Amino acid sequence: MAELQGLGAALSDAERAGIEVVAVSPDENAQSQRLADGLRVGYRFVADPDLAVTRRYGLIHRGGGPGGRDVPRPATVLLDRDGVVRWVSLSDNYQVRPDPRDVVRAVRAL
Amino acid sequence: MTAGRLAALSLGICVITIAVYSMLLGVPAVRNHPEGYVAAFAIAATVAGLGLALRRRWYGWTALGVSMLLLTLGSYVNFVLARIPDAPMVLRVGEPAPPFTLRDAAGRPVSLTDYRGQKPVLLVFYRGYW
Chain B
208 MAELQGLGAA
218 LSDAERAGIE
228 VVAVSPDENA
238 QSQRLADGLR
248 VGYRFVADPD
258 LAVTRRYGLI
268 HRGGGPGGRD
278 VPRPATVLLD
288 RDGVVRWVSL
298 SDNYQVRPDP
308 RDVVRAVRAL
Chain U
124 MTAGRLAALS
134 LGICVITIAV
144 YSMLLGVPAV
154 RNHPEGYVAA
164 FAIAATVAGL
174 GLALRRRWYG
184 WTALGVSMLL
194 LTLGSYVNFV
204 LARIPDAPMV
214 LRVGEPAPPF
224 TLRDAAGRPV
234 SLTDYRGQKP
244 VLLVFYRGYW
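Those sequence lines, one after another, are chains B and U. Residues in the first sequence are numbered consecutively from 208, following my numbering. Residues in the second sequence are numbered consecutively from 124, following my numbering.
Calculated from the structure, these hints are not laboratory results. Bear in mind the structure is a predicted one, so any value in this text is a computation, not a measurement. Treat the hints loosely; a few may be bogus.
Claimed, not checked - Not the full set, but computed from the structure, chain U residues with beta-carbon under 8 Å of chain B: (1) L175; (2) R178; (3) V213; (4) V216; (5) G217; (6) D227; (7) A228; (8) Y238; (9) R250; (10) G251.
Unchecked claim - A few chain U residues facing chain B, derived, Cβ under 10 Å: (11) M124; (12) L177; (13) A210.
To be verified - Sample of chain B residues with no beta-carbon within 10 Å of chain U, all distances over it, derived: (14) S219; (15) D220; (16) R263; (17) G274; (18) A282.
C-beta atoms are modelled at their ideal positions from N, C-alpha and C, and glycine is treated no differently.
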């Protein structure tokens, strides 16, 4: 969530209106959605409870969760208007997330 | 510097490191350099060792014990636990993203095709509420 808050702050109002941020996690997302609504940023939080979509995207951290469960690996993927992948940020350490400035740069380069 | 002050300095570095890292997790420069807390605990352990070299007192051993414990835990978290093994890359820049439809908290379906021709989409995959 912290990186999503930073991203909301780094984008201008017009840029936030011109892009859809879709946050995917295995959880029920009511709490995240309330927080985003409080920040007045238009994020859509969607649940991927069985990680089917996360797996299709190749973004699984195998055995990285409690009890050796698979969990998503933190990743940020920018798609252009035509749904084509234009920028991907992956980390090899789950504490590290993309710097909002890099995301903003990729958005502006579209 | 006296042995007592070195022990206090070592413990102070440990406390400040934990406080700074947990309070500033939202700041990319802090969050994205987790090796920083490992380095800080290593400095704290070195300072505690210097204090012990001056005088072998209980407070010196305490500072060394605390800083070594944090150094071990921190190294384990950062270099072992948080490490994500390499996996084959599925997404390719320049190729269409795999389509999907998932539901939001209100049960409404959200589909990638909703935005086709409308808006760029930033997909953020994360583990949960943190």
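Self-check item: Violated hints - listed by number, lowest first
Solution: 1, 2, 11, 12, 16 and 18
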